[in-house]
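Peer 1: Start from chain B and add chain E according to the hints.
Number of protein chains: 2
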Amino acid sequence: MEGLEDRSSKMIRDCIQFQGYIPGKSIDEVKKKYGLKRVVKLASNENPYGASPKAIEILKNFKDLHLYPDPSYEELKQRISEYTGWEFERIVIGAGSDGILETLFRILIERGDEVVIPIPTFPYYHTLTRISCGREVLVKRGRDFRIESDITNAITEKTKLILICNPNNPTGNDEREETIREIVESTKAIVFIDEAYIEFADSRFDIDEENVIIARTFSKAFGLANLRIGYARLPSWLIKYYKAASTPFPISTIAEKVAIASLEDINWMKSCVKKIKSERERLYKEMSKIVKVYPSQANFLFFETGIDSSLVTEELMKRGVIVRDCKNFIGCKNNIRVSVGKPEDNDLFLECLRDVYDSIDGNSGMW
Amino acid sequence: MEGLEDRSSKMIRDCIQFQGYIPGKSIDEVKKKYGLKRVVKLASNENPYGASPKAIEILKNFKDLHLYPDPSYEELKQRISEYTGWEFERIVIGAGSDGILETLFRILIERGDEVVIPIPTFPYYHTLTRISCGREVLVKRGRDFRIESDITNAITEKTKLILICNPNNPTGNDEREETIREIVESTKAIVFIDEAYIEFADSRFDIDEENVIIARTFSKAFGLANLRIGYARLPSWLIKYYKAASTPFPISTIAEKVAIASLEDINWMKSCVKKIKSERERLYKEMSKIVKVYPSQANFLFFETGIDSSLVTEELMKRGVIVRDCKNFIGCKNNIRVSVGKPEDNDLFLECLRDVYDSIDGNSGMW
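Residue numbers (the working numbering), protein chains in the order written: chain B, 6 to 372; chain E, 6 to 372.
Isolated chain B (complex conformation) (with noise of 0.2 Å):
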């Protein structure tokens, strides 16, 4: 059917000259294709310590699947400003922060507009960009990653968007104030700040501008990665075109809840976020003495592998450990990123590092 796929569109014909996401393997299919019995999956940044008990309390009592969700989400609203500080009206809830970037999307990015996206960064960012036919415009961070401001040169009268991960997934770091404020202040494109993972970061700023989005999720920190709950906080003028574009329903009333309990148990987050962040700091001081790491303001680690960083991944996985290779990453070359897991879990993960160098080491030839 050439005639038809060649006529479809747009998209069909240039746009998706790419794979979508590609998911890790599973804990299930590593340890039946390496006859393991144990194996970790630190390939997601997931929090491993779960969910508030509190949130999975909720679950026990929900009956109502069969009623539609109510789409204003007040009470998950009323919440998120309590715990933001943010102002009510300007906060909207997405299927993740990704569903609330995908939104923005359909809002602003027609074929030509350009994108600008300091690499490397999350790959997400680039499939939207190419699926919206929009134009990638890629700046290199700096030496440790951050921004710099040359990236304001980037910037033209065609940007309509710039994404700021912040701390960046996969390197771990935060971004200067100072740099953020420059950009903002240098254009009138929508400076969109990815904060999935602040709750993590040793400090935080807040510009709040007429051009500028911060969005965030229940996904890490508060462990609730499977129900997808984004929210962010816009300029107040963008609010009509967002409710215009967002799908009607992007959470359902569980979600809702669960979020609302995970608010209510706001310690049980901290402790995870306090643990996690204790064991990234011995994590990193045990990394360092086998390769070069990156310091972390996430609940991961990136490391430079040396060699090629699909043969140290597929390396840890014969040995139970599941990580995310970096090789898709653009601006990666040698990279991994591991997630900070329970002790237990990070031990594996040092042991099997340590193993694979020192077989690397032993069996120069081999590799």
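Note that these hints are calculated values from the structure, not bench results.
Please read all numbers here as calculations on a predicted model, not as lab measurements.
Idealized CB from N, CA, C, for every residue including glycine.
Hints are not guaranteed to be accurate.
Unchecked claim - Derived coverage of chain B by chain E (criterion: at least 3 residues anywhere in the stretch with Cβ under 8 Å from a Cβ of chain E; other residues may be distant):
{"hint": "1", "stretch": "59-68"}
{"hint": "2", "stretch": "99-107"}
{"hint": "3", "stretch": "225-231"}
Peer 2: Frame of chain B, contents of chain E only:
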């Protein structure tokens, strides 16, 4: 911030000239507003008997809120394949059939592309076309609301998508197989057949061509509206583009498991459908004595109000019944859509409807 708003895009400037989805009033709001003790909502075509108890049971044991879903949705697709008889490889899962249609718009529609929509129909078709800056080509349905062959006159070389809801929301009629086949054969555009209500229809047909997509949902007959689980059969050539353009995790693992449990307990769905169809016929007969009501192949009835439909909607609400005023459905003038509820809910609706029209006859000056 006029400058920013003005610059920000296509859509902000010229596509979003409409309101987004306007949800109906909730039961609690109506109770409060009119001081009522009993209010029934027959406005959203929900299954009044709820989800299968086995589906609800799933929620009680789910704890892995912190883990991302497995985006292959393999087991669910396998069960859907058994339920529908469709090839496994051609099935995709989405956030409701709405979510599937959103992804298709991302693949297919850009500024100026034509989308043919027989009216009146599901309002979200209009919303999606407009936010994609597509050009709506509206075609009036025939006397019984069925699509007529002359729709093919509206299909041009610029047509990318033809949206057919069968049975149709809000009118409740089904379509003639020969007409749909004629449309499919007349064009290379994609014909999207939305079978959200197919379980309530007396007969069905399957057209399987390279330009046909059939979408369905668990929201209606299966009573899972809260979780937004849709699925579709795509032509094989479209799968790779769909996968590239789809959001990575359209449904949660909870939703997947609940849908699987619902398919395993298919008799629950069948018994709900049987009761709803039987009530639909009773309601049709009784309503016919009061208003001009149309036969329905779905879980709702569509009727002419004679006078201003917003007034009738309001009068019904004052008496404790929430229905859907079709005033904002393009192609409707004075129509209401009422969902088939439980027998006692339908009794209340019939009583209120009689009362409203009695008071009209008695107080014609009041209206």
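Peer 1: Next, verify each hint and record whether it holds.
Peer 2: Here is how each hint holds up against the structure:
1. 59-68: n = 6 at 8 Å, threshold three: holds.
2. 99-107: holds (count 5)
3. 225-231: holds (count 4)
In summary, this structure violates none of the numbered hints.
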